[in-house]
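Use the sequences and the hints to build the structure in full.
Going down the list, the sequences are from chains P and U.
Reminder that position 88 of the first sequence reads as 88 in the numbering used here, one-by-one numbering, no gaps.
Basically the numbering used here = 1-based index in the second sequence + 1000.
Take every hint as true, because none was put in to throw you off.
Sample of chain P residues facing chain U (criterion: CB under 10 Å; computed from the structure):
1) L61
2) L62
3) Q80
4) A81
5) G93
6) G96
7) L98
8) L110
9) G112
10) R151
Derived lysine to any residue pairs resembling SDA-like cross-links, with alpha carbons at most 20 Å apart:
11) P/K144 / U/P1079
12) P/K144 / U/E1087
13) P/K74 / U/P1093
14) P/K144 / U/D1083
15) P/K144 / P/A167
16) P/K144 / U/G1084
17) P/K144 / U/E1082
18) P/K144 / P/Y131
Keep in mind that the hints were calculated from the coordinates and are not lab data.
Note that the structure is a prediction, hence the values are computed from the model and not measured.
Note that the Cβ used here is the ideal one computed from N, Cα and C, for glycine as well.
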Amino acid sequence: MAIRMDTSRATLFEARGLHFLRQDEPVFGPLDVRLHAGEVLLVEGDNGSGKTTLLRVIAGLLHADGGTMLLQGKPLDRDQAQGRLLLLAHQLGLKGDLSPLENLRVAAGLYGHRADISPREALHIVGLQGYEHEPVRQLSAGQKKRAALARLLLLSADVWLLDEPFANLDREGIALVNRLIEEHSASGGAAMVTSHGAVTFLHGEPRRLRLSA
Amino acid sequence: MRPGSLSAACAALLRRDLLLAWRRRGDIALPVLYALIVATLFPFALGPDPALLASVASGVVLVTVLLSMLLAFDALFRPDLEDGSLEQLMLAPQPLALMLGMKILAHWLSTALPLIIIAPVLASMLHLPGHANAVLVLALLVATPLLSLLGSVLVALTAGTRRSGMLLALMLLPLCVPVVIFAAGAVSAAQLSLPWIAPIAWLGAALALLLVLAPLACAAALRIAIDA
Chain P
1 MAIRMDTSRA
11 TLFEARGLHF
21 LRQDEPVFGP
31 LDVRLHAGEV
41 LLVEGDNGSG
51 KTTLLRVIAG
61 LLHADGGTML
71 LQGKPLDRDQ
81 AQGRLLLLAH
91 QLGLKGDLSP
101 LENLRVAAGL
111 YGHRADISPR
121 EALHIVGLQG
131 YEHEPVRQLS
141 AGQKKRAALA
151 RLLLLSADVW
161 LLDEPFANLD
171 REGIALVNRL
181 IEEHSASGGA
191 AMVTSHGAVT
201 FLHGEPRRLR
211 LSA
Chain U
1001 MRPGSLSAAC
1011 AALLRRDLLL
1021 AWRRRGDIAL
1031 PVLYALIVAT
1041 LFPFALGPDP
1051 ALLASVASGV
1061 VLVTVLLSML
1071 LAFDALFRPD
1081 LEDGSLEQLM
1091 LAPQPLALML
1101 GMKILAHWLS
1111 TALPLIIIAP
1121 VLASMLHLPG
1131 HANAVLVLAL
1141 LVATPLLSLL
1151 GSVLVALTAG
1161 TRRSGMLLAL
1171 MLLPLCVPVV
1181 IFAAGAVSAA
1191 QLSLPWIAPI
1201 AWLGAALALL
1211 LVLAPLACAA
1221 ALRIAIDA
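Here's what the structure looks like:
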């Protein structure tokens, strides 16, 4: 599963020998992952192959049972790295009783947002203009996803960990995710994107990491 | 305040939780109505003798407030755990314990404070004399944050389990015994015109201790709940 290193670009994130056990059963690994600045890595695998678990381990929500993780060559220190890795999970972390704008303002307050974009602009970019003040629970699943994507835009993080970002999105939404990922990688960020199999909507030919159950 | 700074994060979270509580203000009213009804049942059960009611008033109000608070504890971390906001909170570049402290503060403001406001009404309904009533409010102001902090640790510990409401009650109520003893003790002392500051001071000492320790314990417990 080792992935060949491209020495021409700086390594942003690296994991060596990463593995995770659930009740003594290996979920994935040992796994070597390297993410360069400006790179998109597609994590493929069937249901239950540990894609989500891998992202949650890298994000720091789960404890790895072994292996080391490096951020820009230095051992990953959770206290310092927090906010540099951003996770978009199945549960989007949006409050149903608040509007998308209010949700984004909370995220901006917690993480600190980029100077060049306001919450309202981020919502415009993801196509939620006109829905800024609707409670999130009244939005469709795809619109909720878009609101969560706006958070990625608003916050400044180096590594995006996107768990099934294409789920629930229409054709236009898929194009939107592609555009966001492209812009992120063009500005020197990296992304890990999971997908459960046959179809990937990513433009070009991303590097692939195959997990097997 | 720079966005992303500690004060901005605290303000954002406090604002969010208070706003959420306000959007669901019906939920805030429920424990208050519950307390009102429970306290009203006592004169029916014990009879309308003012002397008898005055002697049990402080205890009745304290236990009623405690039980009403118990009703609302489930909403402290569970919604955040279910919709993924707790994960986002953990991944934010802020100390988790402090953020959880803000959540506990918002929860106290939205559940305990309304109860403290109606407590004097309940107490006068039970013929508690005026000066003791003031001590009761003071005791509640110190005792309810203590209960919120104690409860938050247990809510965090039981966050991963299903139908944890009853379990929470069984775990929390024994821990509340000292709080109830000291708070009721202060009010009884005031009723007998004795010095009442010592029990309140003891509650204050416990509150100072838990203010520091409870958010740390919550953070550790919730990290485990997410990990599981």
